[in-house]
Amino acid sequence: MNFDYSMKSRELQSKLQAFMNAHIYTNETAYESEIKAGDRWKPLQLIEDLKRKAKKENLWNLFLPEISGISNLEYAPLAEIMGGVVWASEVFNCSAPDTGNIEVLWKYGTGEQKEKWLKPLLDGEIRSCFAMTEPDVASSDATNIRASIKKDGDEYILNGRKWWSTGAGDARCRLAIFMGKTDESAPKH
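The numbering of the sequence shown is the working numbering, which starts it at 1 and goes up by one.
Hints listed in this document are in silico derivations from the structure and should not be mistaken for laboratory results. None of these values were measured; they are calculated from a predicted model. Worth double-checking, as some hints may not be accurate.
Below, computed lysine-lysine pairings styled on BS3-like, alpha-carbon distance capped at 25 Å [stated by the list, open to error]:
{"no.": "1", "residue 1": "K150", "residue 2": "K188"}
{"no.": "2", "residue 1": "K55", "residue 2": "K42"}
{"no.": "3", "residue 1": "K188", "residue 2": "K107"}
{"no.": "4", "residue 1": "K107", "residue 2": "K42"}
{"no.": "5", "residue 1": "K107", "residue 2": "K150"}
{"no.": "6", "residue 1": "K56", "residue 2": "K42"}
{"no.": "7", "residue 1": "K114", "residue 2": "K56"}
{"no.": "8", "residue 1": "K42", "residue 2": "K15"}
{"no.": "9", "residue 1": "K51", "residue 2": "K119"}
Work out the full structure: start from the sequences and follow the hints.
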């Protein structure tokens, strides 16, 4: 069995490492300065500028096999390279919670949802949040979620309390993925 990465994955690793060397590591001090001087929820100009460069170099949405052309396994070394600097993944539109929310929309979204939410997320124009954690349960285990989702005609009623919804305070956040039970009598699975 061959465990080598594909040529495409190796090329992306090399290209990503070169970008990190040229633009990320060299800007860590500038990033810290901009963080200290600014508003916590205001997008950093440095990151916005680097996003444009990453897009131009086709280092964008690398986590999504349908776009990057590599498997999730081959994405792992790219994630490791980006992970060396806590803020780097956002530069490549590969940061949570957007990545998981993009994957949900890519696989299960309607045409309308893809146009309204997926396209702007893929373009890096908006951000999203993931509302799973609840105050009264250990809800990092999704089987403990108490919030409910009930269909009522053409609408849904969401009932529950969420907190620590990563990204919800970001001014660019336009979409929340809400985790809840649609059938409270169903067995855990």
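Evaluated hints:
1. Proximity of K150 to K188 is assessed by CA-CA distance (about 18 Å); at most 25 Å being required, the pair is judged to hold.
2. As the CA atoms of K55 and K42 are separated by approximately 21 Å, the hinted pair is consistent with the 25 Å bound.
3. For the hint pairing K188 with K107, the CA-to-CA distance comes to about 23 Å; that is within 25 Å, so the pair holds.
4. With a C-alpha separation of about 30 Å, the suggested pair K107 and K42 falls outside the 25 Å cut-off, and the hint is violated.
5. As the CA atoms of K107 and K150 are separated by approximately 22 Å, the hinted pair is consistent with the 25 Å bound.
6. At roughly 24 Å between alpha-carbon atoms, K56 and K42 fall within 25 Å of each other, so this suggested pair holds.
7. For the hint pairing K114 with K56, the CA-to-CA distance comes to about 23 Å; that is within 25 Å, so the pair holds.
8. Pair hint K42 plus K15 does not hold up; C-alpha atoms about 29 Å apart against a cutoff of 25 Å.
9. A hinted pair counts as satisfied when its Cα atoms are at most 25 Å apart, and K51 with K119 qualifies at roughly 16 Å.
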